Amino acid sequence: MVNNVLMTGVGGQGILSAAFILSETAFRSGFDVKKNEIHGMSQRGGSVCSHIRWGSKIYAPVIPEGEVDFLLAFEKMETLRRLSSLHKKTTIIINDMEIPPVTVSRGDTTYPQDVINRIKKYYPRVVTVKAGEQAARLGDIRIANTIILGVLAGRLGFDLKIWQNIIKEKFKQKAAAVNLKGFDYGLELNESLKRI
Amino acid sequence: MSDPKLLTGNEAIARGAWEAGVSVACAYPGTPSTEILETIARNYPEIKAEWSVNEKTALETAAGAALSGCRTITAMKHVGLNVAADPLFSLSYMGVKGGLVIAVADDPHMYSSQNEQDSRHYGRAAKLPVLEPADSEEARSFTKKALAISEQFDTPVILRSETRISHSAGITNCQPIEEVKTAGTFKKNPQKYVMIPTYARKRHIIVEKMIKKLTAFAEESQLNYSENKNTDIGFITSGLSYNYLKEVMPGYSVLKLGMIWPLPRQKITAFANSVKRVIIIEELDPFLETEIKAMGIRAEGKNITGYCGELTPEKLINNLMQKKIIPRAKYQHKSSYSVKPGTDNTIDTSDLPARPPVLCPSCPHRATFYILSKLKTPVMGDIGCYTLAAFPPLKAIDTTMNMGAGVAMAAGMEKTYKNKKKNIAVIGDSTFLHSGITNLLNVTYNQANTLTVILDNRITAMTGMQENPASGYTLQGSETKTVDFKKLVIALGIKPENVHQESPYNLKEFEKKIKDLMQKNSPAVMIATQACALLKRYKKSAPRRKIDPAKCEDCGQCLRIGCPAICKTDKGMKINSSLCQGCSICEQICTFDAIGPDNG
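Chains A and B are the protein sequences, given in the same order.
Just so it is clear: in the first sequence, position 131 is 131 by the working numbering, and no numbers are missing.
Just so it is clear: in the second sequence, position 336 is 336 by the working numbering, and no numbers are missing.
Treat the hints loosely; a few may be bogus.
[To be verified] Stretch-level coverage of chain A by chain B, calculated; a stretch enters the list once three of its residues show a Cβ under 8 Å from a Cβ in chain B: (1) 21-29; (2) 97-106; (3) 118-128.
Because the hints were derived from the structure by calculation, they are not lab data.
Predicted model, so just to flag it, every value in this text is computed and none were measured.
For glycine and all other residues, C-beta sits at the position ideal for the given N, C-alpha and C.
Pulled out of the complex, with its shape left as it was, chain A reads as follows:
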């Protein structure tokens, strides 16, 4: 059995950190793991994504189209860019947050409306999280990514201690504490959303 998580969003949203934490968690849980991400030019405010795969044996470092089990969209409309990666039972976790691309901010076009309902119409498993707002409430806007990771963690079954240890190692003391808070909040949030 191969498990595939695709993370998508905008450069600077902490996708590389989230991908590192998930891939290390899967690795330390005893699985074969592959992770891919794109660096360089695409990071300058462009759309970015990271593939994380684990199972007994993983070959390709990227997820074949239509095989994503969990899509983590750190920005709302970026979900639409990854539809060909999904299958009907993909769980889609969307951060209900708009980061207008420069094509929108300078007025060439508008931010697409009704994104979440459009997706919900065809995909039964859609979870929306206001991670940006919750991160601000918890004291640091940058932990939106660990909140989303917490929601995912509640659905994966890895030992929570492994996740938490990696978060502690990944960030410096103060940042580690606030990221752990974000992660725990994501776990709690997931409990309240369990039915989806």
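Take the given structure of chain A and dock chain B to it, following the hints.
Using the frame of chain A, we list chain B on its own:
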């Protein structure tokens, strides 16, 4: 005792180099190869590592260390190997003493590159072996094998990576370090090391013999192995393509080539004879296909995989099914019930806006290009973040070709295209030091009447903030000599009165100086010095800007600089305070004085 770690391909190459006792590592940064040297500097301080000023210098520096008998590695992106090609072809004749590995990372799909060149050709052209890892574990172990082969056969070895290998992480079975040789010796041997024609002619014969020996090695080596299963089809492949093949076509016979030059003819022929149909799976050029067909083997390849772009698992499976090589029913995957564009279940994505990469908020290049775009003269660009100024609304760059090119291209065009104005070349600080200096010397020597603008942002930004001779710091972050651009360009022959240095943040003064230089009737240089907005060591906190709605006429002037922080909304122009860094360029161009510091 192996210690498994989850490493990217680049981290694994660095690890392999360290395990094999490499003592010198040199590189010029280039996506996707940059992290090889960064990992060495961070994790293995015992290796003498440096950012060299360009790839040619890096390979030459490595060659010097190798001749003393120490192991060395140099790393670069595919186009960097073109810069290093000059030493490469002669070093192949001279041989090495200590192992020398050239780690080169190609970029199929051009995620961060200007072309999709296939570096495997260099092995055949320069007559040296090429190893191609398929994942991180092979990146580590092949780096060690490459160093051993380099010493055994007295030749530099290319280790060919690519974006999806370099930037993918996989489980890597780390080993302890072998013996390190840090102190070398040098024994004169002009017949081997002085490539004058008399000696080089003899060395060429030795190189051809060496390639024969390497071919015999390739026949025996476990780097090339076959998995014999279904005999209907036999796939010949290497590197990343092997893993894509295993992903979508398990259960078929495969010959996996870990060493892709020179090729093991007997092994390939025997494999081809064991199956009914031979299909070669490789990205980019038909490198293996051409060679294998030349062996007299009937094979297919590019008619299935295509020449352009990266291979992906779905591209591979779809093409194999389309060509009826495998029946549709054979491939089961989760997406058989997927919602696909073009079906009844389509989700409308026609209104999905593009999200192109942009110059960052407060990027000093934005101000420079805003001024240059007003001059209406050709602007020859170069390689760096500033290529993004080619996009609207700035549309300020007319060419991007290769490192250093703009300086010479502006001069070349001036010979045949008189615009009554100077042609302009723009080039970043690191790019100028990489290959702009000689081109500017050519400008002054031949008195081309151009204006060269050095975009001096104190760092190599595009590849992720690497130090360079203008930043004042080394790869390890220790202080070093900082180049003085003004003195440098005067030494190259630019008249002192034809050189200005100014921060583009001082927009009016900057524009005045640019216009002054445009009037000169001999070559001129503008040094646009302003630290990259992401460079922490120069970061000053400036108040964010806000727009006073009472004064704003909604004219859209501020949108012309293409700052991602400025938004056009239903209620007029707004500045996104979470993005604004306070460079004040928008404030300086606003005709209605509607923008000012947000002191609230």
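Consistency of the hints with the structure:
With 3 residues carrying a beta carbon less than 8 Å from a beta carbon of chain B, the region 21-29 of chain A meets the three-residue requirement, and the given coverage holds. Chain B is given as covering the region 97-106 of chain A, and this holds because 7 residues of the stretch bring a CB closer than 8 Å to a CB of that chain, at least three being needed. By the rule of at least three residues with a Cβ nearer than 8 Å to a Cβ of chain B, the coverage given for the region 118-128 of chain A holds, with 5 such residues.
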